[in-house]
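S.K.: Chains Y and W, in that order, give the protein sequences.
Per this note's numbering, the very first residue in the first sequence carries number 1; after that it's consecutive.
Per this note's numbering, the very first residue in the second sequence carries number 1001; after that it's consecutive.
Just so you know, these hints were derived from the structure itself, not from any lab.
Source: prediction; values computed, not measured.
The C-beta atom is built at its ideal place from N, Cα and C for all residues, glycine as well.
Keep in mind that the hints are not guaranteed to be accurate.
[Unchecked claim] In silico DSS-like cross-links for lysine-lysine, where the CA-CA straight-line distance does not exceed 30 Å:
(1) Lys-189/Y / Lys-1154/W
(2) Lys-164/Y / Lys-1418/W
(3) Lys-1015/W / Lys-189/Y
(4) Lys-1230/W / Lys-1154/W
(5) Lys-1287/W / Lys-1326/W
[As the list claims (entries may be wrong)] Beyond 12 Å from chain Y on every Cβ pair, some chain W residues (computed):
(6) Val-1014
(7) Ser-1023
(8) Lys-1233
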Amino acid sequence: MDSSQLLGITTFTYMFSTLLYVAVLVFKASKLGSVATVFTAMAWLIQTAGIALRWVESYQMGIGHAPLTNMYESVVFFAWTIIALYLFIEWKFKIRIIGAFATPFAFLAMAYASFSGEIGKEISPLVPALQSNWLIAHVVTCFIGYAAFAVAAALGIMYVIKNKSENESRETIAGTLPPLPVLDDLIHKTMVFGFIWLSAGIITGAIWANSAWGTYWSWDPKETWSLITWFFYAITLHARYTRGWAGMRIAFLAIFGFVSVLFTYYGVNFLLSGLHSYGSS
Amino acid sequence: MKLFDTLWAFFTSVKLAIFTLCSLAVTSIVGTIIPQGKPYSFYIDNYGAKTAQFFHILSIPDMYSSWWFLGLLGLLSTNLIICSIDRLPAVLRIITADNLAMSTERIQKMVFCRKWQVPSDHPGLAGLPELLRKAGWNTTVRREDRNELYFGQKHRWSRIGVYIVHLSILVIFVGAIIGHFLGFKGSVMIPELRSTEQAYAAKDSSPIALGFEIRCDSFTVDFYDNGMPKDYKSSLTILEKDRVLLQKDIEVNNPLTYRGITFYQASYEAYRDFILSITDKATGQSKRFVLPFQQQTTWDDQNLQFGVINTEAMGQRAVRSKIWFKLGENPATVVWLADNTSTSISSGGKEYTLTAKQMYATGLQVAKDPGVWLVYIGCGLMMIGLYMAFFLTHKRIWLYKHVDATGVTLYLSGSTNKNKPAFARLFSRLERLVDQALTN
Ligand code: HEM
Chain Y
1 MDSSQLLGIT
11 TFTYMFSTLL
21 YVAVLVFKAS
31 KLGSVATVFT
41 AMAWLIQTAG
51 IALRWVESYQ
61 MGIGHAPLTN
71 MYESVVFFAW
81 TIIALYLFIE
91 WKFKIRIIGA
101 FATPFAFLAM
111 AYASFSGEIG
121 KEISPLVPAL
131 QSNWLIAHVV
141 TCFIGYAAFA
151 VAAALGIMYV
161 IKNKSENESR
171 ETIAGTLPPL
181 PVLDDLIHKT
191 MVFGFIWLSA
201 GIITGAIWAN
211 SAWGTYWSWD
221 PKETWSLITW
231 FFYAITLHAR
241 YTRGWAGMRI
251 AFLAIFGFVS
261 VLFTYYGVNF
271 LLSGLHSYGS
281 S
Chain W
1001 MKLFDTLWAF
1011 FTSVKLAIFT
1021 LCSLAVTSIV
1031 GTIIPQGKPY
1041 SFYIDNYGAK
1051 TAQFFHILSI
1061 PDMYSSWWFL
1071 GLLGLLSTNL
1081 IICSIDRLPA
1091 VLRIITADNL
1101 AMSTERIQKM
1111 VFCRKWQVPS
1121 DHPGLAGLPE
1131 LLRKAGWNTT
1141 VRREDRNELY
1151 FGQKHRWSRI
1161 GVYIVHLSIL
1171 VIFVGAIIGH
1181 FLGFKGSVMI
1191 PELRSTEQAY
1201 AAKDSSPIAL
1211 GFEIRCDSFT
1221 VDFYDNGMPK
1231 DYKSSLTILE
1241 KDRVLLQKDI
1251 EVNNPLTYRG
1261 ITFYQASYEA
1271 YRDFILSITD
1281 KATGQSKRFV
1291 LPFQQQTTWD
1301 DQNLQFGVIN
1311 TEAMGQRAVR
1321 SKIWFKLGEN
1331 PATVVWLADN
1341 TSTSISSGGK
1351 EYTLTAKQMY
1361 ATGLQVAKDP
1371 GVWLVYIGCG
1381 LMMIGLYMAF
1391 FLTHKRIWLY
1401 KHVDATGVTL
1411 YLSGSTNKNK
1421 PAFARLFSRL
1431 ERLVDQALTN
C-alpha cells in the first residue's frame, strides 16, 4: 500500500460520500445520514493516512519534506481541510445536510488532483527557496482559509435554494435544508473563520518572501489576487456589520467570494503569467 | 466650519470605506493582467501605440505605485483615521463606563431579564454574589437604602478589537512608507575571493555605497540526484579597513544582516575559472589560487607549477577537472578530480593536498528596510485585533435586589455586543443557578 493508492481510494470514497449525502437530501432518507457521516469520516481517515504516508515516503527517498509543496499536494490538502471543517461543523451544529453541498467540493478537488494531466503527482525534492518552515505555515494557513470559504460557498448555495423554494412555497428538497437564519449565521461564521486564516496566510507568505528575497510584498499576480480576495471578504464583513446586509446578499457574496478564491488559487497559475513558480509544477 | 463638518462626515462614512475597498480590489486586477514594469516598447508591441500612450498617462505599467493607486490607499487611510477618531471615544466610554450607575429601569427592560419574587428573609438570597463568583463572574456592588445592585462583566476590552485591526493597517502602511524612503533594494554579484563595497539599485542599477566591505569566501551549489538544485551556499565576510567583523554562511531563506543591510542568496554565475587550494602537508602552509582554464600558474615559494587542462561539464557546471601538477624538475602529475573534493599528491618527497573547485560568483539580493519591523508589528496587531473582534464578546450581567414592604424583587439582566445565541445559553445557565438557590 503506498500513498498514491490511498489517495486514489479517497477520491472514490469522497464520491460515494457525496452520493450518500445527496441521497439523504433527495430521498429525504434521514436514516442514511449517520451512514454518510461515518463513511465520510472513514474516508477522511484514509486520506489522513495517505498524506502521512506520503510524508514518510519523502523521507525514505531522502528528500523529506511535508507534503504541502506542489499543486497536487496542496489540492489534496485542500480537500482534506474541507472535509475536516465540514465534519467539525456537522458535529458542532448537528446539521448533517450540509454534507450534500460540502463533500462535492472535496470530491471535485480530489478528482482534479488525481485525473488532471496538468499536475504532476510525483514526490519531488524542494528547490532551495521552498525549504522554509514559513512556507509550510503559509500553505497550511491559506488552505484552511480557502476550505472555510468553500464551505461558506456551499452554505451560500443552500441558502439560495432554500430561499427560492420558500418564495415559491412548494414542498421540494429544500424542505430538508436547515432554516434560513441558521444558514445565514453559519455562512457568516465560516466566512469570519476563513478571513482570519486568509489574513494569517497572507502574513506568513509575506514573512516567507522577506526571508527568502528581502521583499515582503512585490505585487506579483498571485499575491495581488490573494489581496483582492481579502478585500472582497473585508467588504462583505463591513456590509454585514455596518450596513446590515444579510440573507441572499451575503449568500451571493459567499459564492462570489469563492470564485475569487478559486481564481487566486488556480486561475492565476494557469491563466496569468505569474512568477509564483510554486504551484505551477 | 460647515465645510469641515461636511468633510468630516464624508470621511467617517463606512460607505466610503466600502467604495474605496471595492475600487482597490477592482483596480488591482488590472496590474495582474497587464504585465508590470516592462519597457515602453513592450506595450507598443503588445497593445499598439495608442493604448501604450494611454497606459503611460495612467501609469499602468507601474500601477501599484501610480499616483491614483497611492491616492486610493491614502483615501483608505484617511477614512480609517477619521472614522476611528470619530467612533473611539464612544467605545471607550462604554468600556470604562460605571455600570453600577445604570438606572434600574433600564436594567429591568433589557432583552435578557428575569424576575423573581421572594420573601425578604429567604435564606438563599445571601449566597447569590458568591454563586455568581463561582460561575466566573466577579461582581462589584452598590447599596442604596436596602436595595443592592451587583454587576459583573467579561472581555470589555474586546470592543477595541476592530480598532486594533484598523490601526494595524495604518501601522503596516507606515512601515511600508519608511521602508520606501529610508531603505533600498538592490543586488550585487561577487566572484569568489573578491569583495565589494557597493550594490546596485534594483530600480535603475545605480551604485549604492554599503559603508563596509563584503567578501565572498566561497560559493557552492549542491544538486539532487535528478539534477535539481538542492542548496546554494555562500560564505561571506564583512570587513572594515581589512578588519574582519563578521563571518556567516548564508543560504536561501537564511540571510546575513549587518548594520541594517541584509544580504540574501539569490542567484549565481558559473565561471570557466577554477579555484585550487594547495596545502603542504609537512608545514601546513596553504594557499588558494584562481586558475583560468588551461593556463599555467605558479607558487614560487614552493616551486610549484599547475593548471587545469581539461574539464567534464554538465551545462554550466564542471563535474570533474583534470589537474596538471609539477614540483620543480620532478615529473608532472595529472589527476582527474571531482568538483570540490580533495586528493593527495606526492612528488619529490613532499606531500600536498589539492582541492579544486569551479569558480562561481554569488548573486546577492541586498536590501535595507528599516520599516519591516513596523510591518511585522502591524501584522501581529492585525491577528490580535481580528481575534478580539471575532472571538471575544463583551458580556455584562446585573443582579438587582429591590426590597420593599412586599418582600424582595430580584432581577437578573444581561447584555452582549454580539453572538446573542451563545449569550442566551449562558444566561439561562445563570437563571437556573438562581432558581436552585431560591427553591432550596
Ligand atoms: C482593509 C481594510 C479594512 C479591514 C481589514 C477592516 C476590518 C474590519 C473588521 C475585521 C471589522 C470587524 C467587525 C466586528 O467584528 O465588529 C471591521 C469593522 C468596522 N470597520 Fe473596518 N476594516 C477595514 C477598513 C475600514 C475602513 C477604511 C473604515 C472606514 C470607515 C472601516 C470602518 C469600520 C467600521 C465602522 C466597523 C464597525 C465597527 C463596529 O462594529 O463598531 N473599516 N473592520
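S.K.: Next, verify each hint and record whether it holds.
M.R.: Hints versus structure:
no., hint, in the structure
1, Lys-189/Y / Lys-1154/W, "22 Å, holds"
2, Lys-164/Y / Lys-1418/W, "29 Å, holds"
3, Lys-1015/W / Lys-189/Y, "23 Å, holds"
4, Lys-1230/W / Lys-1154/W, "53 Å, violated"
5, Lys-1287/W / Lys-1326/W, "16 Å, holds"
6, Val-1014, "4 Å, violated"
7, Ser-1023, "10 Å, violated"
8, Lys-1233, "9 Å, violated"
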